[in-house]
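Protein chains: 2
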Amino acid sequence: MKKIALLGHGVVGSGVMEILEKNQPVLVRQAGDGVEAAHVLDRRTFPGLAYGDRFTGDFSVIRDDPEVSVVVEALGGVEPAFTWARESILAGKSFVTSNKELVAAKGDELLALAAEKGVWFLFEASVGGGIPILQPLRESLTANRVVAVAGILNGTTNFILTRMFADGMAFGDALAEAQSLGYAEADPTADVEGHDACRKICILASIAFGSHFHPQEVHTQGITRIGPRDVAWAGRWGGSIKLIGRARRTAEGRAALEVSPMLVPGDCLLSRVDGVFNAVQVTGDMVGTTLFYGPGAGKLPTASAVVGDVITALTQPAGSRPVPWGPKKEGLLQPWEESAARAMLRVAGLAPDALETFFPGCRLLGAEEGETALITAAATQGELDAALDAARAAGGNILSRITVLDQ
Amino acid sequence: MKKIALLGHGVVGSGVMEILEKNQPVLVRQAGDGVEAAHVLDRRTFPGLAYGDRFTGDFSVIRDDPEVSVVVEALGGVEPAFTWARESILAGKSFVTSNKELVAAKGDELLALAAEKGVWFLFEASVGGGIPILQPLRESLTANRVVAVAGILNGTTNFILTRMFADGMAFGDALAEAQSLGYAEADPTADVEGHDACRKICILASIAFGSHFHPQEVHTQGITRIGPRDVAWAGRWGGSIKLIGRARRTAEGRAALEVSPMLVPGDCLLSRVDGVFNAVQVTGDMVGTTLFYGPGAGKLPTASAVVGDVITALTQPAGSRPVPWGPKKEGLLQPWEESAARAMLRVAGLAPDALETFFPGCRLLGAEEGETALITAAATQGELDAALDAARAAGGNILSRITVLDQ
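Here the protein sequences come in this chain order: A and B.
According to my numbering, numbering within the first sequence proceeds without interruption in unit steps and concludes at 1538.
According to my numbering, numbering within the second sequence proceeds without interruption in unit steps and concludes at 1538.
The hints are simulated quantities; they were obtained by calculation from the structure and are not laboratory data.
Not one of these hints is a red herring.
Each pair may be met inside one copy or between any two copies, as identical chains are not told apart.
With a straight-line cut-off of 30 Å between C-alpha atoms, the simulated DSBU-like cross-links for lysine-lysine are:
hint	residue 1	residue 2
1	K1430	K1153
2	K1237	K1248
3	K1237	K1460
4	K1237	K1134
So that you can see chain A by itself, here it is in the shape it has in the complex:
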């Protein structure tokens, strides 16, 4: 029997225990032996559980148990997860986590430390929940230079946007429903403001570019300003609005990262990803466009990704694959102002003629209820900022600005 330890018995942690209980025959076949959690660390106690006697509140019990070769962390937050990750790795144990905050903040440090100590630091569950995405990116697509990654990386916001699109709900009502269903937290800031999606696109971009990206340096905009008029025009244009995390390789080899609501064309599969599901589209210079879809959160899907990593850590020699990324490279991240895209604008107070002057090459979608909607030609965000300022100076009221997800 191979022994692991678990930090945190919340939603994901209890899911890990459930898989270890239910799928032992599968694990035996994959790992060549049974897998058991020798210790579960949690502040709470769970006396009713069959494995209630394995709980501990003391991390050193886990760190100092020589039989434990893999530590699984499902606590969330940077601390104490980071300290315990370091101590686990320094003690010669592989570390598997579902914690995107930890990976986005400290991934480069922990990857380097794990490489030095000859153990695994794995985090498939930190992006896309149960969707296999990091491993395919690190292993199956290795013949490619990644050109772009774009994904629906947050199930809560996708649920809200789906309700707004499919059922005409207002943002606040859809958020309240998401909260009542347990899809959104009491404080939904990290989801609706895009911070969660930003951590995940940083992790994906770090793999794609081989160096660390910090979430606080990435342009991030949430969905709180999306309203029914945006939904209506997007539908008429033939697409949908999704919160997209995107990383692109520019012609100069820089990395253009951003998180924002984007207008997704109806013929792009991402526009069909609804509810709490996630999807990640990866474009490689050789393979072209691929897409990975599945449940982006939830107890068992996330635990499925965690246990998959545990099996890798138990069976495959660390060091057989290159370290996926190193420290941040100065100058690699393109300033958001320089990134080019088309945008959908809703403008009041200016006639179509005037709009075509401020936004040359734009395509007018129509005018109604005192506003005009248009799709601009491709321009950098900085150029668009300047054009919007000019339009405002001429009496225009910019009601919304939504980037178009072009392929």
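Since the structure of chain A is already known, use the hints to place chain B on it.
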């Protein structure tokens, strides 16, 4: 510089050479060293190529070169590929192939031989072209018992069906167009009759169930009988018709495999996969439903998968993962007659009342142009056969029968 050899310089083989030429920096990062094809076996010669001097017509040159550690095969067909695979593996070389005929016919033997000799036998490119699907199934989803795999596994037929649906073309015209674009061969039998998709679902099912499935034992039906009336009713029902290869785990633990045109509901992403693209939906008992999408064929996408396998073979120790499947297990494959599904029927010569008698619980879609369309209740194929015989005996003319892809 790590040395490989290539068998076959056709579409896929020349794509492999192109990736080795263009993406050396990527390969160096992934493999820790450059990768070069020391020998290319082909009957033809290509004097204009930069690597024209590496061609050989003699396999023993490759087999006996101790510097070659990986042999890539992109010939197609069982022989001589099988013989050369055996000889390569016996010579201690890993073997990477894009050849689904070879894997579907001889996978169990070659996997066992590779395990015995401590080398890799890898074939990511044999299913779904450039889509990473076999490696995620073998590695990322290892915490799961696979419940079902269903996929659009043949780009040629998906192109034809897309043209029939989106543009109202007749089957023959769409096939002719596919041929003129190079998507279909002069003899399109293997594609349009479902044999190609059958090899691929057999490979997927072999991984999912851990034992070999032979294509000739799997119920296989192509798309040649799909006509404009089927297309019209499917659209009205709110779905699409796709050639689906499917493997399901039954309640009794048996494997239900089939290839046939299926009616795919509009809310299933598979219904949105158009043109020559492929997609594979994998349902695991823990993760739920995931989907993998991308280019199912083509020079560089397929070569991308091949080179990904080459990097695995060059960098990771063989034997670090369990052998994905062993020999055929007698009795594991459920006879097709016992597999349960709903079906769409088009029937002439019987009134709706009579149809409801023969197909209890059915849902009538409508009647026009002398035919009635209906969706049956779920029944085994054997039960449906019997009901259809009874309907025929009463004067019914069964115009078509298309299985519904239920989740």
